[in-house]
Amino acid sequence: GAVVSQHPSWVICKSGTSVKIECRSLDFQATTMFWYRQFPKQSLMLMATSNEGSKATYEQGVEKDKFLINHASLTLSTLTVTSAHPEDSSFYICSGGPSSYNSPLHFGNGTRLTVT
Amino acid sequence: DAKTTQPPSMDCAEGRAANLPCNHSTISGNEYVYWYRQIHSQGPQYIIHGLKNNETNEMASLIITEDRKSSTLILPHATLRDTAVYYCIVRAAGSGGSNYKLTFGKGTLLTVNP
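Chains as they are written, first to last, in the working numbering: chain A, 930 to 1045; chain F, 2 to 115.
Keep in mind the hints are simulated off the structure, nothing from the lab. Quantities reported herein were computed from a predicted structural model and do not represent experimental measurements. Certain hints may be false.
Stated by the list, open to error - Some chain F residues flagged as far from chain A (calculated, every beta-carbon gap over 12 Å):
1) 15
2) 62
3) 71
To be verified - BS3-like mimics (lysine-lysine), calculated; alpha carbons at most 25 Å apart, straight line:
4) 970(A) <-> 4(F)
5) 970(A) <-> 995(A)
6) 107(F) <-> 970(A)
7) 970(A) <-> 984(A)
8) 993(A) <-> 949(A)
What the hints assert, rightly or not - These stretches of chain F come out as covered by chain A in the derived footprint (C-beta under 8 Å, 3 or more residues):
9) 77 to 85
10) 101 to 107
No residue lacks a Cβ here, since even glycine has one placed at the ideal position from N, Cα and C.
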């Protein structure tokens, strides 16, 4: 099946700094990738849709200036959490898949962000 | 996308079959049923998906009722490593874009007991 690689798997940063998370599709080209966030004991919540070569689409309530998404190639999407605060501490997960009509999405192993 | 309903939790004995139900009574004709699972602190893992026929792969079987309003994921011989949250998700067929997204509910926590 399709493989999605996410890096780093965990990161600790100080309040006010920025953190970049990378999501790569290893064996397929992804024109669209998705970024999710998961708080403890909760389900995954979609944050944004990352579109190759164009602007990302953000879900309601997600600040686009805080969560910067770049999808410059068909195999790489990045999420940058800018000016991170402790409430941004969460599990961030990306996903993607071959763009055929019923292909499943595949997920990275997630990034555990802790903001101190 | 149609909404799904799953029991919050289930238990299963190791070595026995685990049958996880899912209701999707408002499913549309072009919507597929997908199953994923999430083991603690990992990304979701794709298991299986289907439209109207029963499906089987090396991980599981998917049984979809004739009216497509419900389905059952079957793990034929559950092991301790199958303990996870299982998500049943309905998604329309499409060629990509934002319609390609998966919307997660709360899922079923399956605990496999020794």
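Could you tell me which of the hints above the structure violates, numbers in ascending order?
Violated hints (numbers, rising): 7 and 9; every other hint is consistent with the structure.
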